[in-house]
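Participant: Just so you know, the protein sequences line up as chains A and B, in that order.
For what it's worth, this note's numbering labels the leading residue of the first sequence as 152, then goes sequentially.
For what it's worth, this note's numbering labels the leading residue of the second sequence as 1179, then goes sequentially.
Be aware that a few hints might be false.
[Said to hold, decoys possible] No farther apart than 27 Å at their CA atoms in a straight line, the calculated lysine-lysine pairs in the DSS-like style are these: (1) B:Lys1371 - A:Lys158; (2) A:Lys159 - B:Lys1371; (3) B:Lys1514 - A:Lys260; (4) B:Lys1438 - A:Lys260; (5) B:Lys1438 - B:Lys1424; (6) A:Lys440 - B:Lys1225; (7) A:Lys159 - A:Lys241; (8) B:Lys1371 - A:Lys350; (9) A:Lys520 - B:Lys1371.
I should point out that these hints are in silico values taken from the structure, not numbers from a laboratory.
Here is how the chains run, residue by residue.
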Amino acid sequence: MTTILEKKVRVLDLSMGWAGPLLGMLLAEMGAEVIKIEDTQFFDWWRGSISMGPPEMQPIERASTFNTVNRGKIGVTLDLNNPRGIDLVKRLAATADILLENYSPGIMKRFGLDWDVLHSINPRLIMISMPSFGYGGPETNARGYGNTVEAMAGVTGLTRYHDAEQPYTLSNALGDPVSGLTGTFGVLAALHERERTGKGQWIELAQVEGAIELMAGPIVEYQLSGQEPRAQGNRNRAYAPHGIYRCAGDGAWIAVAAPTDEQWRALAAALGIDHLAEDSRFSDAARRKANEDALDAELNRAMSTMAIEDVLDRLKTAGLYAAPVNSAAAVLADPQITDRGYFVAVDRAVVGTHLYPGVVARFSHTPLKGDEPAPLLGEHNGDVFRGMLGMTDTEIAELEAAGVIGTAPRQYSKAS
Amino acid sequence: MRYRALSDIRVIDLTHFIAGPYATKLLADYGAEVIKVEPPWGEGGRKIGPFRANGEPSRDRGGLFAFLNTNKLGITLDLRDRPGRDALLRLLGDADLMVENFAPGTLAKLGIAPSELMARFPRLSIISISNFGQDGPDRDGILNDLTLYARGGWTYPVGEPNREPLTPPGSLAQYIGGLYAAIAAMQAMLARKIGTASGQHIDISLLEAAVATMIYETVTFQYAGVVRERAGRRFAVGPFLIVTLKCRDGYAGLQCVTDKQFEGLCDLMGRPEMARDQRFATALQRMVNNDALLEIVAAFFLKHDRGWLYREGQRRAIPLVPIPSIGEVLEWEQTKARGFFETIDDPELGRIRIPGAPLRLTSHRPEPSRPAPRLGEHNQEILGNRLGIDAAEIARMSAGTDSVARTL
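The following block holds chain B by itself, in its conformation from the complex:
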């Protein structure tokens, strides 16, 4: 869905892959004009799947690109060429924000270093997202999901104590970086509007964004002096029971933390007296006797269906859920009733349901999303109509636009 809260903000988006495009997607979904600038051969994110099974890989985009680039305008510019850079500079003259996630130093090599752009356009703020930040000994290092999770501390505490640590799924940490960048974009706008600042440069390290969520590890380690180790199916061993448990028909997730929740859990198991058992009556005792407690609860869950456990748990206000598959998430009555998933008619992939805009603003009614742009879809509208570049020159500038074969 598309809101209008940010309709007075103009963004030039030079980002690719996931973190940067998610940041500018949030800006676009909430109303900013986002002009996505890609090289004539398309940004790498177009080649990420998923694609349709048994079909030709979509030439223009995969499924993730279709989600990450809704409500953006798409143009192609080769920033290695003078005409491409000139067009970019003209677009920046009207822009509030530029977001980029090239390797540090790339813009300077292209002759458009952030410091020079900011000197030329005093209102412009530039957000640079990079693997490790714009300085430091590993500034130029490479990174993927596997190594980002590992180095950021996400992997070490997950999995079985007696085998290798387990990497989280997908690209979650990259989205966290994108969220920090979207927040920074709003902060830069407010610094100009409520504060007195002009444009400024903002440096975001994906590694630091990933580490920011690791407060159990980094801060608790200092307080307790104990490194958090893998606790198997348990989230951790503590004064609580946060655990994924096998049921008769799948798995359930239990988060029993407070005294009241524990009383509810004992009641659910038909053993209300257990809440007064000397081994478990207080949070401290539940920490000391966590193994014994887990054994009792696990044996009970194994004998019941996750749907029954969910209903009975929730009836007692215990955070207890049936662990769903992806299909179950998509078909969940709750998101359906709330109209969360949005059906878009993607020009390549057809009708697909994508996660909708998560923040429901009440200032106005949202409109349907515009699908992600085809490569160079808005060249005529932006380069031609807005900048007055003639059709022949646009064609020359975007030569090779049809080939999604290289990366910058």
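For reference, chain A alone in the conformation it holds in the complex:
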């Protein structure tokens, strides 16, 4: 089967971490030729630190996260603090369709690679910049990563238990995947527009603004009610039961919700606690909500002696909202996820074969591809500089000798 882009679109990926690299990977899934550019000293920080193991262990090739979001890319190194490195980026940009970066505002300009320069080299180029808080505004230079972006979008402030003050960050650094996905939509929209106009353009995505989209509900609620939305924890503001309950055994938690009287009675029957359905504390929706602490205690008592598989079975049969609170191991073994073959096995040098999240959108005719490994540092220097820029082996060796390219990490100098 053919891919969507069939290598007809070339992407320069200067990004690091999760957000930008995810964007590049999603383009690679479509069959774009994605060239990831790193520096041998300031390599993608998601590779981790060389202090994490001796050189022969190649610690920066063992980062699960880096190896996940850079799949399907071609990896080259270039010293961006060296004019010769910048010159090579420009030569590649002249042949590219898309360039993506998520440096802090001002860095690309310092490199001499800001939009005006790149646009004059290649008017068809689409460039996306993904600063944390945007170009312009009093906080333009503030630093943010996925978790702090998530906080500034208002997510963290609402992630609290219903009965406690402490806020928590989510487990997936939400700002990062949301920015990567939103950015991908933007780049593809610009590519679509370019098919019509022939012109490239610069796209700016402030990561925090992409994340605030997902908080539109509370944002509007605040305006309509005049009050701060309250963190609900595992509860639902409108009804009970709605929570996370303990089943027998270690770490066996189940999520259960029963919005209507009918579902509540079905839940009580399924758990063999029918008498509670008629209990005056729980007999209608308002009373269940008013007596939610007691209700949750009863449900915990009932389920704590039952195996989670048994509870899930009964609740599923009764047509109720119920799900296991899946750990990592449980997600990988989830019957629905495995039945659809969602995870994909990829063999990667240094670390071997693991399962990685596969493609989400299943296309009937032009399937996406997620089964090629992430590149080693500088792995494809030869292919790119020889194959795409027509350089000779001598020239490449000379670049390597001058430290412009390389395949080994250089020591981070504390003085720099």
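Place chain B on chain A using the hints.
Facilitator: Chain B in isolation, oriented as in the chain A frame:
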């Protein structure tokens, strides 16, 4: 705001609630013509709050609907009736995309299975968003935010180790599904334009979209052989300090990962020598001695205001932020200076500020958004003027349009 990048794309939108409408909102905000097709009694998303306090619940829509459906045209069709289906088929004749999030099998039961539609309209791509995907043992299962987060792996690692896991707020994972669907829509268009494909069917599972963001769990688990457990206020225990910390006047979020950031943090605390302390000097040592490090940093934060910590942290290029309330997000000088929130004049809710279009395209200047359509607002424009259905027939087809009381 409304851009024009996708002005040559026509979308028939059969979606309801959150994931599907967010996908088609992105298409509409960036210029596609999106015709939202609802049953005459309105899609369920109209009944989701928030509503105005102390007021009558808005009859036509709540606040989330007003956000999720900007820049769309709204018509009503009862797809259980022949005239409704006929009108849909005529609209599909001109369409590039159809997006739907009915339970799997619903379209087939209505006599408009995706395979038949694609055979009839070769240029048309159909995106189906569903809870679990179009196949598999749980294909027909029900799902809400609570169970989606739980099963997708989002809930297990959040919260205190010694109590129940904590569910993330809102409907974040559903939006992730919507983002994947919006991307798929563009991919389908490009497959036709740059590639050589005709229309095709695209199957998106909300569960898989949620799991896609769980790479720390699923992949790191395989590399390390260790299940990620709840780490309390810490994001995780690792070679970093990613943590929400109590300050004198609220909470701050700290993300200290690199050597340089750690040096900056030590300097901020007035203890520059700590960066060379044998317990913390390298990433590996900071992982091994994470508890001791956290104790020192937490004690320092507790004695200072979050605004001061923010300024001093940022001065040293450390990702450190004051954790804002929703009101503070809305009134944040940064989004104000950038004109991010857009004020719309919603026909039911009045003037409200909604998150604006996050991708700033530079090919042209955006225009103000059109508010979400009232139920059946564009029946005359689309069914009458475009399809030539006469007024009496439209009235007959949309009988019951005023009652937002049922769901399909």
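Participant: Hint by hint, say whether it matches the structure.
Facilitator: Quick rundown of the hints versus the structure:
| no. | hint | verdict |
| --- | --- | --- |
| 1 | B:Lys1371 - A:Lys158 | holds, 14 Å |
| 2 | A:Lys159 - B:Lys1371 | holds, 12 Å |
| 3 | B:Lys1514 - A:Lys260 | holds, 25 Å |
| 4 | B:Lys1438 - A:Lys260 | holds, 22 Å |
| 5 | B:Lys1438 - B:Lys1424 | holds, 24 Å |
| 6 | A:Lys440 - B:Lys1225 | holds, 21 Å |
| 7 | A:Lys159 - A:Lys241 | holds, 19 Å |
| 8 | B:Lys1371 - A:Lys350 | holds, 16 Å |
| 9 | A:Lys520 - B:Lys1371 | holds, 19 Å |
The structure shown violates none of the earlier numbered hints.
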